[in-house]
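Listed below, chain by chain, are the residues.
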Amino acid sequence: MSPVATAASFTAWVRPHWEHMDRLARRLVGAAAAEDVVQEALAAAWRSRARFDAERGGPRAWLLAIVVNKAKDHVRGSLQHAELIDASASDDSASAVAGLDLTAALARLTQRRRVAVALHYYLGLSVDEAAEVMGCSSGTVKSTLSDARRQLRDILGKEYR
Amino acid sequence: MNDVDELLRSDAERWRARQAPVFDLDEAVAAARSRARPARRYLLPVLAAAVVLAVAVGLVITLHRLRRDAPADSGLSAITGVTWRDPDSTGTVVYTDTTMRIFDGCMHELAQLRVVGETLVQGPPVGGTSVCAGGLEIGPGPAGAASRAALRRLAHFHAVVAGPATWSRAGNVLVLTTPGKGTLRLTTDTTPAPQLVGTTWHLVDYAGADDNEHAYTGVLTLRVASDGSFRADVTCGQLTGTATVTPTTVDFTSVHGCGSFAPADDVIRAVLGGHAGYAVRGEQLILNGSGQLLVYQVGSS
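Just so you know, the protein sequences line up as chains A and E, in that order. All residue numbers for the first sequence refer to my numbering, where the first residue is 1 and numbers rise by one. All residue numbers for the second sequence refer to my numbering, where the first residue is 1 and numbers rise by one.
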């Protein structure tokens, strides 16, 4: 029997990665829509659990890749708007202002670059782990992150290198 | 000099610290299993939902007709149907009785509009898309639209428009004031906002897979008809096909009978050959599909 055949075993199998799934959804679609996206991802994972192949990668990468795909289907505009509102509500400290600038700048990245930044910086995955989620080589993730940082630098201005 | 890598790491740390607890996994799995059940088991709930939806739609139509037939007032009709521009940013908003369409040069969102007392409040999104390709923004706007200062002005625009905003119109100026967020003075030229469907558009700009912007000075038109068909010029002839339009996206299926003779042709085929996001800003239509961009301008019919 598959290790994830029953609801109980599936739940236990997902549990170590649950917070990552939620956090990734929040980064990609915003807090308001994250629960819907994660729920859809979980339903998709349940339906296709028999097709999970441990030879091709770990469960975290598999589950996070499903979250990325579900987030792509979701309304894209909400994230930028919601994050900008949240950021503008922060205090006026220097770090809050920098955060607002960064939030607005991140909204300008392509989806692929936003996914790479979310996985590596906000979820804390290594480059290799992010590559597993994104289905590409570590070198590609490194160059995607480098492109993202360069683009952010261009937007944020000459104070940043 | 600050480092972007360090900025991202410290922002990520702050972000993680303020995240709410994750919702319950056991409940989520139970819900996921329900969603994953074969459709036929949902026949009764689906039928019930369809009945509820039909009743709700009927109520909305009835309320809309009642509102439309109500005595004329100086309410929302004073500000609906035209494009309101923020002169200090790239933000625009178009109101209808029930929706607001917000476009900031990159993000295009259609949201419900709630009128609460004398205030306007942005409600849940109906649809949204980004029309940027590789972060490139094409279209009218101040030079350096992606600068920090410009992004801060955009953040201010979004914050005020979200409401709850009191509003007043004097001539071609709409003043929105949201407590704690500030005030916007939006302007309009009173021209009704053109629609994707039924307008003849002329190509003025495009960005292909190289992410570089190219102005186009020839005459290539696009027209999406209300019957779901579309035709678009390419250098050697026309693309024709169907266009399924939602508030912020279009699904094109096209047939083309001649080759590509110019770089613009490749981009037109790519964007008008599948799923695309779109936004209308002023007299410009921006289409983003397959990572490439087309910008059209209103032309004469």
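Think of the hints as simulated: they come from the structure by calculation, not from any bench. Glycine included, each C-beta is placed from N, C-alpha and C at the ideal position. There may be inaccurate statements among the hints.
What the hints assert, rightly or not - Derived Cβ-Cβ restraints for the label pairs, each shown as a range:
1) E:Val116 x A:Gly139: 49 to 55 Å
2) E:Thr253 x A:Ala32: 57 to 63 Å
3) E:Thr235 x A:Arg150: 33 to 39 Å
ask   = Regarding Thr235 (chain E) and Arg150 (chain A), is the given constraint of 33 to 39 Å on their beta-carbon distance met?
value = For Thr235 (chain E) and Arg150 (chain A) the Cβ distance comes to about 35 Å; the hint holds.
key: CB-CB spacing for Ala32 (chain A) and Thr253 (chain E) relative to the 57 to 63 Å hint   = This hint is violated: roughly 33 Å between Cβ atoms.
ask   = Within 49 to 55 Å or not, the Cβ separation of Val116 (chain E) and Gly139 (chain A)?
value = Given range 49 to 55 Å: holds, Cβ gap about 52 Å.
Checked against the numbered hints given earlier, this structure breaks only hint 2.
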